[in-house]
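Novice: Could you build the full structure based on these sequences and the hints that come with them?
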Amino acid sequence: MASSVTGHQLLLPDSAGATGGPLAICFHGSGESCSPSWDKLAALLVSQGLRVLLYERGPLNPTPEEATAGLYAYLEKENLAGPYILIAHSYGGAFARTFLHRHGATADIAGVVLVETGQESGLDPKIEEAQYARRVLGSKPMSVVRGNSFLGQWAALEAAEGNASPEDLRLRRELLQKYDEEDERLKKKQLALSRNARYVHIPHCGHHVVRDRPDVVAAEVQWVLQNLGDGRQSGEGKRKFWRRIIRRLCGTPRT
Numbered sequence: 005m006a007s008s009v010t011g012h013q014l015l016l017p018d019s020a021g022a023t024g025g026p027l028a029i030c031f032h033g034s035g036e037s038c039s040p041s042w043d044k045l046a047a048l049l050v051s052q053g054l055r056v057l058l059y060e061r062g063p064l065n066p067t068p069e070e071a072t073a074g075l076y077a078y079l080e081k082e083n084l085a086g087p088y089i090l091i092a093h094s095y096g097g098a099f100a101r102t103f104l105h106r107h108g109a110t111a112d113i114a115g116v117v118l119v120e121t122g123q124e125s126g127l128d129p130k131i132e133e134a135q136y137a138r139r140v141l142g143s144k145p146m147s148v149v150r151g152n153s154f155l156g157q158w159a160a161l162e163a164a165e166g167n168a169s170p171e172d173l174r175l176r177r178e179l180l181q182k183y184d185e186e187d188e189r190l191k192k193k194q195l196a197l198s199r200n201a202r203y204v205h206i207p208h209c210g211h212h213v214v215r216d217r218p219d220v221v222a223a224e225v226q227w228v229l230q231n232l233g234d235g236r237q238s239g240e241g242k243r244k245f246w247r248r249i250i251r252r253l254c255g256t257p258r259t
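Residue 86 in the working numbering is what sits at position 82 of the sequence shown, and the numbering runs on without skipping anything.
FYI, nobody ran anything at the bench for these hints, they're computed from the structure. From the three backbone atoms N, C-alpha and C, an ideal C-beta is built for every residue, glycine too. Hints may contain errors.
Stated by the list, open to error - So the derived label-pair ranges between C-beta atoms look like this: (1) Gly233 with His205: 46 to 52 angstroms; (2) Arg199 with Glu171: 45 to 51 angstroms; (3) Arg106 with Leu16: 21 to 27 angstroms; (4) Arg202 with Leu175: 33 to 39 angstroms; (5) Ser169 with Gly62: 44 to 50 angstroms; (6) Ser51 with Glu162: 48 to 54 angstroms; (7) Asp219 with Leu64: 40 to 46 angstroms; (8) Arg202 with Ala168: 24 to 30 angstroms.
Specialist: Here is the structure:
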């Protein structure tokens, strides 16, 4: 079941019992919208029992602070309570982390999946470094997914081997290698946001991982769901609640 308000799409599982589970909030990249790039991923997540919000920032190019204020207003208006799983691609990472900065790593934030983020600007550098220093997510599950942003350049370099000089090829190869190493460094830096973080690299996929490999992103969301209880406050009531959520969404048998 889907509903749309001002361009946003709220997708709900067919099972009414799943509506109390986490809400996946999707933050798209620059120069695009959630649909159609996120459609396949959204369908996978809904089929797994998740509520999914494809939040569109619109054509006015709002700042992360402006977009976060708009998102808050929308969540309140539509009565969309957490817990939330934040899923961001590319420049959307700045918006997800601004939301995290304003919201804080409260019980409403269940986990985070960052896909090809970390290299973009837009997030206040002071906020960025403070989030790393504080490990803002604590022990809540977070996955960092890296594709291969330079896949096209590597292919072009291979195609040029018969026409370029060995020296030119060497210089281009070294430059690409430096770019690749820096990209990896920036992606892995984000792991400092949580004590319960993991890194996934897909070398044969380009920058558009959400569009081209939605199965990988959906698998990381499942990993977050399977680790929902980590880092939460102690208490049998909370543990029972999260065990029920995990069983319902992941098909885990009762213990």
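Novice: For a quick check of understanding: which of the numbered hints are violated here, in increasing order?
Specialist: Violated: hints 1, 6, 7 and 8.
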